[in-house]
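Participant: Work out the full structure: start from the sequences and follow the hints.
Chains A and B, in that order, are what the protein sequence lines are. Residue numbering for the first sequence follows the numbering used here, beginning at 1 and increasing consecutively. Residue numbering for the second sequence follows the numbering used here, beginning at 1 and increasing consecutively.
Where chain A lies over chain B, by a calculated footprint (3+ residues, C-beta under 8 Å):
| # | region |
| --- | --- |
| 1 | 222 to 231 |
| 2 | 258 to 269 |
Straight line, CA to CA, 25 Å or less: simulated SDA-like cross-link-like pairs of lysine to any residue:
| # | chain 1 | residue 1 | chain 2 | residue 2 |
| --- | --- | --- | --- | --- |
| 3 | B | Lys-224 | A | Leu-463 |
| 4 | B | Lys-224 | A | Phe-360 |
| 5 | B | Lys-9 | B | Ser-28 |
| 6 | B | Lys-19 | A | Glu-270 |
| 7 | B | Lys-62 | A | Gly-316 |
| 8 | A | Lys-315 | A | Trp-204 |
| 9 | A | Lys-83 | B | Ser-51 |
| 10 | A | Lys-581 | A | Leu-604 |
| 11 | A | Lys-590 | A | Ala-404 |
| 12 | B | Lys-543 | B | Pro-419 |
| 13 | B | Lys-450 | B | Ile-522 |
| 14 | B | Lys-224 | A | Leu-361 |
| 15 | A | Lys-524 | B | Ser-199 |
| 16 | A | Lys-83 | B | Lys-273 |
So the derived label-pair ranges between C-beta atoms look like this:
| # | chain 1 | residue 1 | chain 2 | residue 2 | range |
| --- | --- | --- | --- | --- | --- |
| 17 | B | Lys-401 | A | Lys-566 | 57 to 63 Å |
| 18 | B | Gln-439 | A | Thr-141 | 55 to 61 Å |
| 19 | B | Gly-400 | A | Lys-566 | 58 to 64 Å |
| 20 | B | Gln-520 | A | Asp-142 | 51 to 57 Å |
| 21 | A | Thr-377 | B | Asn-128 | 56 to 62 Å |
| 22 | B | Met-164 | A | Leu-104 | 21 to 27 Å |
| 23 | B | Lys-230 | A | Ala-52 | 16 to 22 Å |
To be clear, the hints were calculated from the coordinates, so they are not data collected in a lab. C-beta atoms are modelled at their ideal positions from N, C-alpha and C, and glycine is treated no differently.
Residues per chain, in single letters:
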Amino acid sequence: MSEQQGKKNSHTGPMSGGPMGKGSMGQVVEKPKNFNTTMTKLLAYCKQYLPAIIFALAAAAAGTILQIIGPDQLKNLTNEIMKGLPAMVNGAPVLGTIDMNAVLKIGWTLAVFYGVSLLLNYIQSLVMATITQVISKKMRTDISQKMNRLPLKYFDSVSIGDVLSRVTNDVDAIGQTLNQSVGTLISAITMLAGSLIMMVYNSWILALTAVGSSVIGFSFMMIIMKQSQKYFKQQQTELGQINGLIEEVYTGHNVVKVYNGSREAKDAFENSNRSLYSSAWKSQFLSGLMMPLMSFVGNFGYVAVCVVGASLAMKGTITFGVIVAFMLYIRLFTQPLSQIAQAMNNLQRTAAASERVFEFLDEEELENESGKKNVLTDVKGTVEFKNVRFGYTPNKPVINNFSAKINAGQKVAIVGPTGAGKTTMVNLLMRFYETDGGEILIDGVPVNQVPRENVHAQFSMVLQDTWIFEGTIRENIIYSKQGVTNEDVINACKTVGLHHFIMTLPKGYDTILNDKASLSEGQKQLITIARAMIQNAPLLILDEATSSVDTRTERMVQTAMDQLTKGRTSFVIAHRLSTIKNADLILVMKDGDIIESGSHEELLSKNGFYAQLYNSQFEAA
Amino acid sequence: MKHYLSQIKEALDYLGKEKRLYLVFLLSLGLGYSGMAITISLIPQVLIDASVSGNYEHMKEKLFLYAGLFFMSFLTSILSQYIYRRCVLRFQAGLRRSVMEKKTRLPVSYFENSHSGEFLSQMIYDINKAEELYRSKYKEAFNPIVALITSVIPMFLLDHTLTMLLLFISLLCVLANAAFSERVKTAGRLTAGASAKLSERSTDILSGILTIKEYQLNEVLSGKFRTANKEYAGNALNREKIGAFLEAMNSGFTVLCSIVFLVAGSVMVQSGKTTYGTLVALMNLESSIIWSALSAGKRFPELFDNIASLERIQSFLTMEEEVIHVPDRLEENQNQSFIEFKNVDFSYKNNREVLNHFNMQINQNEVAVITGRSGCGKSTIFKLLLGFYNADKGYIAIDGKSLEEYGANELRQMIAYIPQRPYLFYGTIEKNIRFGNPQASFEQIVQAAKAACAHDFIMELPGGYDYVVGDKGSKLSFGQRQRIAIARAFLKDAPIILFDEATSGLDYESERFVLQAAEQLIQNKTALIISHRESGVRLCNRKIEISSVR
Numbered sequence: 001m002s003e004q005q006g007k008k009n010s011h012t013g014p015m016s017g018g019p020m021g022k023g024s025m026g027q028v029v030e031k032p033k034n035f036n037t038t039m040t041k042l043l044a045y046c047k048q049y050l051p052a053i054i055f056a057l058a059a060a061a062a063g064t065i066l067q068i069i070g071p072d073q074l075k076n077l078t079n080e081i082m083k084g085l086p087a088m089v090n091g092a093p094v095l096g097t098i099d100m101n102a103v104l105k106i107g108w109t110l111a112v113f114y115g116v117s118l119l120l121n122y123i124q125s126l127v128m129a130t131i132t133q134v135i136s137k138k139m140r141t142d143i144s145q146k147m148n149r150l151p152l153k154y155f156d157s158v159s160i161g162d163v164l165s166r167v168t169n170d171v172d173a174i175g176q177t178l179n180q181s182v183g184t185l186i187s188a189i190t191m192l193a194g195s196l197i198m199m200v201y202n203s204w205i206l207a208l209t210a211v212g213s214s215v216i217g218f219s220f221m222m223i224i225m226k227q228s229q230k231y232f233k234q235q236q237t238e239l240g241q242i243n244g245l246i247e248e249v250y251t252g253h254n255v256v257k258v259y260n261g262s263r264e265a266k267d268a269f270e271n272s273n274r275s276l277y278s279s280a281w282k283s284q285f286l287s288g289l290m291m292p293l294m295s296f297v298g299n300f301g302y303v304a305v306c307v308v309g310a311s312l313a314m315k316g317t318i319t320f321g322v323i324v325a326f327m328l329y330i331r332l333f334t335q336p337l338s339q340i341a342q343a344m345n346n347l348q349r350t351a352a353a354s355e356r357v358f359e360f361l362d363e364e365e366l367e368n369e370s371g372k373k374n375v376l377t378d379v380k381g382t383v384e385f386k387n388v389r390f391g392y393t394p395n396k397p398v399i400n401n402f403s404a405k406i407n408a409g410q411k412v413a414i415v416g417p418t419g420a421g422k423t424t425m426v427n428l429l430m431r432f433y434e435t436d437g438g439e440i441l442i443d444g445v446p447v448n449q450v451p452r453e454n455v456h457a458q459f460s461m462v463l464q465d466t467w468i469f470e471g472t473i474r475e476n477i478i479y480s481k482q483g484v485t486n487e488d489v490i491n492a493c494k495t496v497g498l499h500h501f502i503m504t505l506p507k508g509y510d511t512i513l514n515d516k517a518s519l520s521e522g523q524k525q526l527i528t529i530a531r532a533m534i535q536n537a538p539l540l541i542l543d544e545a546t547s548s549v550d551t552r553t554e555r556m557v558q559t560a561m562d563q564l565t566k567g568r569t570s571f572v573i574a575h576r577l578s579t580i581k582n583a584d585l586i587l588v589m590k591d592g593d594i595i596e597s598g599s600h601e602e603l604l605s606k607n608g609f610y611a612q613l614y615n616s617q618f619e620a621a
Numbered sequence: 001m002k003h004y005l006s007q008i009k010e011a012l013d014y015l016g017k018e019k020r021l022y023l024v025f026l027l028s029l030g031l032g033y034s035g036m037a038i039t040i041s042l043i044p045q046v047l048i049d050a051s052v053s054g055n056y057e058h059m060k061e062k063l064f065l066y067a068g069l070f071f072m073s074f075l076t077s078i079l080s081q082y083i084y085r086r087c088v089l090r091f092q093a094g095l096r097r098s099v100m101e102k103k104t105r106l107p108v109s110y111f112e113n114s115h116s117g118e119f120l121s122q123m124i125y126d127i128n129k130a131e132e133l134y135r136s137k138y139k140e141a142f143n144p145i146v147a148l149i150t151s152v153i154p155m156f157l158l159d160h161t162l163t164m165l166l167l168f169i170s171l172l173c174v175l176a177n178a179a180f181s182e183r184v185k186t187a188g189r190l191t192a193g194a195s196a197k198l199s200e201r202s203t204d205i206l207s208g209i210l211t212i213k214e215y216q217l218n219e220v221l222s223g224k225f226r227t228a229n230k231e232y233a234g235n236a237l238n239r240e241k242i243g244a245f246l247e248a249m250n251s252g253f254t255v256l257c258s259i260v261f262l263v264a265g266s267v268m269v270q271s272g273k274t275t276y277g278t279l280v281a282l283m284n285l286e287s288s289i290i291w292s293a294l295s296a297g298k299r300f301p302e303l304f305d306n307i308a309s310l311e312r313i314q315s316f317l318t319m320e321e322e323v324i325h326v327p328d329r330l331e332e333n334q335n336q337s338f339i340e341f342k343n344v345d346f347s348y349k350n351n352r353e354v355l356n357h358f359n360m361q362i363n364q365n366e367v368a369v370i371t372g373r374s375g376c377g378k379s380t381i382f383k384l385l386l387g388f389y390n391a392d393k394g395y396i397a398i399d400g401k402s403l404e405e406y407g408a409n410e411l412r413q414m415i416a417y418i419p420q421r422p423y424l425f426y427g428t429i430e431k432n433i434r435f436g437n438p439q440a441s442f443e444q445i446v447q448a449a450k451a452a453c454a455h456d457f458i459m460e461l462p463g464g465y466d467y468v469v470g471d472k473g474s475k476l477s478f479g480q481r482q483r484i485a486i487a488r489a490f491l492k493d494a495p496i497i498l499f500d501e502a503t504s505g506l507d508y509e510s511e512r513f514v515l516q517a518a519e520q521l522i523q524n525k526t527a528l529i530i531s532h533r534e535s536g537v538r539l540c541n542r543k544i545e546i547s548s549v550r
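Facilitator: Right, here's the structure in full:
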């Protein structure tokens, strides 16, 4: 709010008085790590709009200059009126007359000046608003495209909320602050300099009085502001804590209830709450002092000008018009001071937000593969791992030396304890990550010699994580596959046993899936299987995903999966050994290596790690 | 209008015993501010009139009077501001406390029907908004009105003709703004909607990045994003344009006001109807009234946004609270087992029937596994037993006493419940286990962790028991969270154990640990275990299969 208020005041007419623009008190401003670098980057980013921005800023400056001339005209007006006032000449009152023509002329001049100034400021606002929206839009588009070009590795290390806040909050912050700060800064500086010049031009003594009293007032205010900032920060932290506690009781409600932990939570809450409201009276007094003080300081210079001006006028050093002009100039002079402080704060925020956005845009991207001419076509499905090595971080290997050959059409199960590297193998196979050593071949072609998209296209995946985007059921099944008919979709859904359910929905396949119309976990799983069927890719990856469904649905999902694996090379990441007994090949992984491989029977007869795992499942209790 | 006023009044009534103090100091704060503005505007008049007429007789007294009034106003505003803030803070603390207490007293059904992050953030947003209402919104809306009224009076005293003229132009300005207010609101609403959509699109892309890469969904989703982005940018630009226009319009009115005033004023000074000093004083007061009128016009509608938040909180605070109720009574002298369900009917609110004439008897120290397909009501039995929900019909008792006779606290003291998705609080492992028994010593906590097969993995974490588990325990695996939850149950040492679906979603290794821990836990206890898996079933000495009602 405070920015808008500040902005409004800068446009008020010649009579601007009244309460001062309310500055931003107690606002905690985030500091960027490197202001200059970031601003240079931002400038480079906006390069193509620079001429328009400069035009807007020039308009702002010109509008302000016209405004500064206003009070000077008012001085002339005052002097005209004074001339016409009854005066004591030689002890006898002489009735003068006001030159109404001159008054009207000044009135018109003022009207034109302020009119043009108004228009220029309006143009400035429009141009800046348009440019900032265009830039924000471009930024958001760039970010969304960047998301697709980033390696998966990046998403392992950041939270969704973090990236999301860059697309929304940060870009919005840049747009808003840029829109408000640059224009304000230019007009405020022009106003400050202009009114200073005009004041000195009119009377240097009064100018000194005005500047001196303003400086004293503002430094006094700054000192108090600094003091209260500390308390304000403390209050914010405490408020954050309270919100956290409220949230905790909310999300963990059944634990809180059953364990009667509510007493402890209540104590913690009471403490935070009490400390927030009974925190030192000093903090409250100081923050309470701010507003009246601002208003006091704003008027301090004004009173000083009146008093000094009146005594000068009585001595005849200056005309009364000068006092009237100064009463306005002192406003024009003090207003920009708080506006500049505000605009600088805004620029800091712009820089902090831009820093985060550029940091994201500058993240290392996936290698550009447009040069790779090799393409996988008509894949049979032979897959070979040759001495593959890999680690998510350089000195922590996850896969040590992995080799295996899988024939077309085989069903391969990967088993092993958590952290053995099962999912990692699949990620490498699909080239979501690049191997550190060794190679992976599909139909004899090393995957790193083929464009990534081409590798992805050879796979269908059914993952534990059932992801659905906001769109119709049909869209969520077809995805980006071309040339899929309605019948194909219906057939796939019939096969997985979803068709009947979908038809009970009011809009059938056109039902939009979102927060409101959601599916059960099991149904989502079935959708992902139907999707994999539609994709009809030669290779299949199943991250055994039946944990969140009941036994009956699990059986249905299992049947659908069996259908799907027919005639395809499939990789199954198994959590329950009972489901993979019929695999052609079982790879037992431990600590990044294959320690055993073979069919279920072979492995059992070996009586090794697999046999141990398998038996342990039944002796658990 | 009447409706609006009654809304404002009701929101004030909500302050309770703080109301009078609040209103008195709200008013005195406004008077303090406008007192400063008015006295300062009158000072130049004294100076100018005195020097023009050459009559300095009363100048000094008048100046001292105004200066005195100015300082008095300043002190009044500081004092009022301080008392006002204390009053608001006291109210805020009370509001938060009552929201918090209400939460712990609400039935579980409330949370389960509205369990989403969105609702939670709405709640926090509403609390902030309600606090803001009393902290600043009333002040911002009513201070300008006070300033307006108090400035108009001296203006009329100075010169009523000019004042009428100025008021007329100010009124035009306010009306023009009012005419635009609907468009401003619409533009704001559209932008907010478009912004929400845009962030949904972004979330779609971010949460499914793996799938998007696999299926080259890039184009489909980018298209959706582009549409949302375009819509948002368009709406935002529209909003900015309206804002810029309004700003220019208001500046225009101010300029118009000034120029008309100057010319008319010149005419009046010439004809001797007023003095030049009066003109200058009026000029100052006038800018304050147009500012006041505009900000009152702007702030007043904003009040209702905050009042809406307050109303949501009020309706939350008056929501029905948790009461444990058992519909039926049992006839005297009937044999009862330790846990008894007799002819229980239950259905969730406006939903299908879950339990129909359900009967179950569990003896002391019996361990029973409950199986059945999902949705058949297994978890519901636990929720009924915990008093989270009340049965529609039938009788539920523990140890011969109906649940109603126990009351919520006593009942839940007897039960250790390990839910399907164990919930961990942000904080250390120690704190999370301690929930089982806040008085437990550290040794007892370690013992519980050991019994729950959790000690070993805890010691491997950096900081051991001081390891902070992250939001909802996100830094631990599912199996680890489960074992912490079991440790919690150990520490509670309640005679009844309810263990829900504990091993789904675990790999066999973690499952083994969890089952081992569970086996320890249920020794010499009465336990009910929900499980699909063979492995879980082997823990029990009795199996109860629930068939669907349908």
